[in-house]
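Visitor: Can you make the complete structure from the sequences, with help from the hints?
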Amino acid sequence: MNGLHTVSFAAMGSHCEVVLAVADSRAAHAAAAPAIAEVRRIEHKYSRYRDDSVLSRIHAAAGLRPVSCDRETAALLAYADTLYRASQGRFDITSGVLRKAWDFRHGRAPQPGALEDLLPLVGWPIVEYDHDSVFLPLPGMELDFGGFGKEYAVDRAAEALTSQGLTHGYVNLGGDMRFLGPRPDGTPWDIGIQDPRDMAATIASIPFSRGALTTSGDYERFIEIDGQRYCHVLDPRSGMPVSYWRSVSVVAPLAITAGSCTTTAMLLEQDGLDFLERCGMSYLAINHTGQIFRRTT
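The numbers in my numbering rise by one with no breaks, and the one at position 221 of the sequence shown is 221.
Check before you lean on any hint, since a few could be wrong.
Label pairs and their in silico Cβ distance ranges [unchecked claim]:
1. Arg65 x His44: 18 to 26 Å
2. Ser56 x Ala200: 34 to 42 Å
3. Ser205 x Ala60: 40 to 48 Å
4. Ile225 x Ala200: 21 to 29 Å
5. Ser205 x Arg65: 37 to 45 Å
6. Gly227 x Asp103: 17 to 25 Å
7. Asp24 x Asp81: 43 to 51 Å
8. Arg65 x Arg210: 38 to 46 Å
Please keep in mind that the hints were generated in silico from the structure rather than gathered at the bench. Positions of the beta carbon are idealized from the N, C-alpha and C atoms, including for glycine.
Guide: Here it is as structure tokens:
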């Protein structure tokens, strides 16, 4: 009988792993290799930190000329447009430029005037794109797929595994998870939901056989200044971090769907609960007072 084997790797700034029920460690590494390669391909293609990435080419041409894009990039841009509309303009992939003002690594808030200089560069509706090209009309504008890129990679990695006939295991990219099927004995995986105020504790557990689970929270990347917590999820209208939700977890068939829902709910703040209810998927959300809201389907 096949046992469980874990293949760990680092990607997208996260600890990642592929867990598979296969004969041995060698088989696990061989099966996981195409999935890991797909994650690295997506990371390289859409990284903001690589000069040779698609996004870097688009950014370099901002205010100058359109940049041709392939079918995959065009599909992600179309998805970003859907998210913008569904979130009342809060999920805006041009808002990544605001992170130039926030230094979460070194714990520094924006300098005076920094946000005011960057906010004019935020505005998805002025981006011109179609199935062949994309044009950022203002110099300094940027695109950031960080709101759904890792989740997209999770799904692509899972597809690379299921295409090999694998039916027991999961992909985990920094807490964004996609399950191929149950444990080898048919029982579900028991996945804990992080307590956003106690990193050594979980607040709930969810049995999983198939589908995806993602979480967004104010504990993932944040800074504290004078006792005030500022998380990395930024409101594109003000450039300031959102503050209503401590964490939002969503269960969906695809990781990209679940991740988009968690981020949108965070961005909508008080209106996020109504949004989650309209989505109709299972969720567990904890607001700024510690109150828990959940829905199971």
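Visitor: Which of the numbered hints above does this structure break?
Guide: Failing hint: just 5.
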